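Asks: Chains as they are written, first to last, in our numbering: chain P, 2 to 476; chain E, 468 to 806.
Treat the hints loosely; a few may be bogus.
[Stated by the list, open to error] Pairs of lysine-lysine residues, derived as BS3-like cross-links and limited to a Cα-Cα distance of at most 30 angstroms, are as follows:
id, chain 1, residue 1, chain 2, residue 2
1, P, K326, E, K606
2, E, K580, P, K57
3, E, K496, P, K163
4, E, K598, E, K776
[As the list claims (entries may be wrong)] Restraint-style ranges between C-beta atoms, simulated for each label pair:
id, chain 1, residue 1, chain 2, residue 2, range
5, P, P67, E, G789, 26 to 36 angstroms
6, P, K414, E, L652, 32 to 42 angstroms
7, P, G321, E, D609, 49 to 59 angstroms
8, P, E328, E, E775, 46 to 56 angstroms
9, P, G450, E, D516, 37 to 47 angstroms
10, P, V176, E, K606, 26 to 36 angstroms
11, E, G560, P, P67, 23 to 33 angstroms
12, E, I685, P, S461, 46 to 56 angstroms
The hints are simulated quantities; they were obtained by calculation from the structure and are not laboratory data. The structure presented is a predicted model; accordingly, all values stated were derived computationally and were not measured. All residues carry an ideal CB built from backbone N, CA and C; glycine is no exception.
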Amino acid sequence: MATISDPPEQGFRLSQLIFDTRYRSMTIQVVAMVLIGLLLSWLISNTIHNLEALGKDFDFGFLSQPAGYDINQQLIEYNNQMTHGRAALVGILNTLLVAVLGCALATVLGVIAGVLRLSNNWIVSRLAAVYVEGFRNVPLLLWIVLIFALMTESMPAPRDFKGGDGPSMLLGESVAITNRGVYIPNVVFSRSLGGNEVAAAEAPAPAAAATPGTNMAGTYGASRIATGGAGIQAGQNGTTAGAGGSGTSAAGEGGEVIPSSSGWDWLLILAVLVAGSVGAKLLGKRAAHIQEATGKRPMTLPLQIAAILVPLIVVLVALGASLDKPELGGFNFDGGVHLRNSLIALWLALSLYTGAFIAEIVRGGILAISKGQTEAAYALGLRPGTTMNLVILPQALRVIIPPLISQFLNLTKNSSLAIAVGYMDVRSTLGGITINQTGRELEGMLLLGLFYLVLSLLISGVMNVYNSSVKLKER
Amino acid sequence: MKKTVTLGALTVAALAAGAAGAATLDDVKARGELKCGVSTGLAGFSAPDANNVWQGFDVAYCRALAAAVLGDPMKVAFTQTTGQTRFTALASGEIDVLARNTTWTFSRDVDLKFEFIGVNYYDGQGFIAPKSLGVASAKELDGATVCIQTGTTTELNLADFFRANNISYEPVPIETNAEAQQQYLAGACDVYTTDASGLAATRATFENPSDHVILPEIISKEPLGPLVRHGDNEWGDIARWTLNALIAAEEYGVTSANIAELSSAPTNNPEINRLLGTEGELGAMLGLDNEWAKRAIMAGGNYGEIFEKNIGEATPIGLSRGLNAQWTEGGLLYSPPFR
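Can you make the complete structure from the sequences, with help from the hints?
Replies: What follows is the structure, given as structure tokens:
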């Protein structure tokens, strides 16, 4: 009878690090880590050495120096006396604007095209196929440049709108499509929360007009840059830089209030809208409760509409809202909102291009749902549209969302192609003019990389939260 | 013993560092080709002709430098740079010298660590507008849309000008001169602003140049000149004195027509003799042979000849000498003496 004795205790030998599977994986990891560390330290020391050889230092101080250049589209107040950091912020907001607009439109286009490509109607499905293949297989840059060139070359210049026989404005003289962009009416308030601009050549603007809120405008940049001399005259006549904003609205007599809009007005309106929709939703829930208890559903739709609309109208009247239509004045249209060609070209091209990819994702998601689901829904008497909305799409979402996140990230990063049409995004301000004027390539590019990284992680994080809320609940 | 080794290592390191900083001339000679950065195409200053050979005022300087260093004016590889890429191209060593209508400013010289080797064109920023706009002065441009090449000094001057005059404008940032021209002609901007020489060059390529007017205001000083990297002083000297040789040649009356005769034997003007290498050892001091300046001048003529041939009044660009005349004729061109 054999007895099993413990294996003889052996001391640790170095060769075990390679030949013993218990230690080998750790050896490989340690070696890999050392190699990566060496590579990093070589990169860093190389950078430091090269910077020294060029006689340059590593300093972010340039961010607080005056930028000196103008940006045509500003969502926050900015003039060329502000810092490079502020200019970068203006660029960041412009990037975010085109990314948000682009993601929204691309999703709508993509879902529609994806569903239509599966249509039984031959013409409809072929048209969707032409759209998808056309945009998917031609580089994005070409689409951006093409749309920009179409807008610039084929539309009339603002000065052509003078006189009777030229082109005329659309929708009751309120929308002008020109080769510099589209001018649409702007909502302005005669009792703006940010304080109204006062057109006055003599009387110095009141302090309220100098608050940053005034020029926030909520528009895509007060229609153009008012480089009023106020910035440099500040010391002489006691007005502040913000007062230069009144340069855009030189009409009117001394002391007359010019309607304007500020970020606070739009925040208030947004808050009222959100509150209204929450109220409407509560009304719907209450109706559902009553229906469960009594079997009768009270009339809710008019109440819901009223819950949203009534507070909104009250606020608009209280603020004294009116439409500010664009009008020809001097060289350009004055007033209204100016959607620049660069923004429109970038937005449309990004949306159409990414939309084509999203369409394929949506098509794949729908195809992943078993045909039996559709047949079962039809057997219950559901119509095709209802089947798609209530049965197929909710299940398809689980397949659609993860690749959709990648498309949103792509669109956001592709917005840096703005350079092709002169759209002033963060790549053009911080990564372009600022670097060029200050010579801080390394610092600027690091900041730019960091921004895109944070933005991408943010989008990815938010979308993943949404994904976990719609994915199959496993218990 | 140990000390000696350390000292020796230090010396070697120092020598290596010195050599690394001063290698441009050796690099160019070893390569057999000068890498010159120019603009992406500006008629008269740098643009390829019908045979795809680069021609122009800035190009002529590159050719003169190549002739001085390599003996052949055609041994130049041209790299097109935009307002935004030019400095990176130079700093990274992609090009040996940048000759691209670049304004000599304090921060570029000091902070960006470049070395401007002189001025080859004294310029100022101006505006061009269609005649039909009815504008006679840049001060009437309140509210105008202005096309501008981004990443340039003109961008900063423009902001200053409108701020100082308390008027507003809408900037349309554009990458290259060609794009700006297309936008301007399409009416996407009311006026286009850049250096006055660039405006004249651009206007010359229009279908109807007379329909466009260059406004009288010159809103800035723009001394344009070639530049090299900071820290390689030998290369900087060669680049600087090649430009000076072209300017001095015009002053002394050395032209491509008479240079063969003047350089065959010493003349009675010692300055010409030293310039052309028939007297003294100026070439050796630069690390070149004594005929370097002769070759540079023969490449395209002296400064005046280059000017007249590429951008002068007889060309479509039609620039008068103005500030760019010799100091003896009331201009600003003034080469330090060759001695």
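Asks: All hints, please: hold or fail.
Replies: Hints and how they fare:
no. : hint                                : verdict
1   : K326/P x K606/E                     : 27 angstroms, holds
2   : K580/E x K57/P                      : 8 angstroms, holds
3   : K496/E x K163/P                     : 63 angstroms, violated
4   : K598/E x K776/E                     : 29 angstroms, holds
5   : P67/P x G789/E: 26 to 36 angstroms  : 33 angstroms, holds
6   : K414/P x L652/E: 32 to 42 angstroms : 33 angstroms, holds
7   : G321/P x D609/E: 49 to 59 angstroms : 29 angstroms, violated
8   : E328/P x E775/E: 46 to 56 angstroms : 51 angstroms, holds
9   : G450/P x D516/E: 37 to 47 angstroms : 41 angstroms, holds
10  : V176/P x K606/E: 26 to 36 angstroms : 32 angstroms, holds
11  : G560/E x P67/P: 23 to 33 angstroms  : 31 angstroms, holds
12  : I685/E x S461/P: 46 to 56 angstroms : 52 angstroms, holds
When the structure is compared with the earlier hints, violations turn up for hints 3, 7 and for no others.
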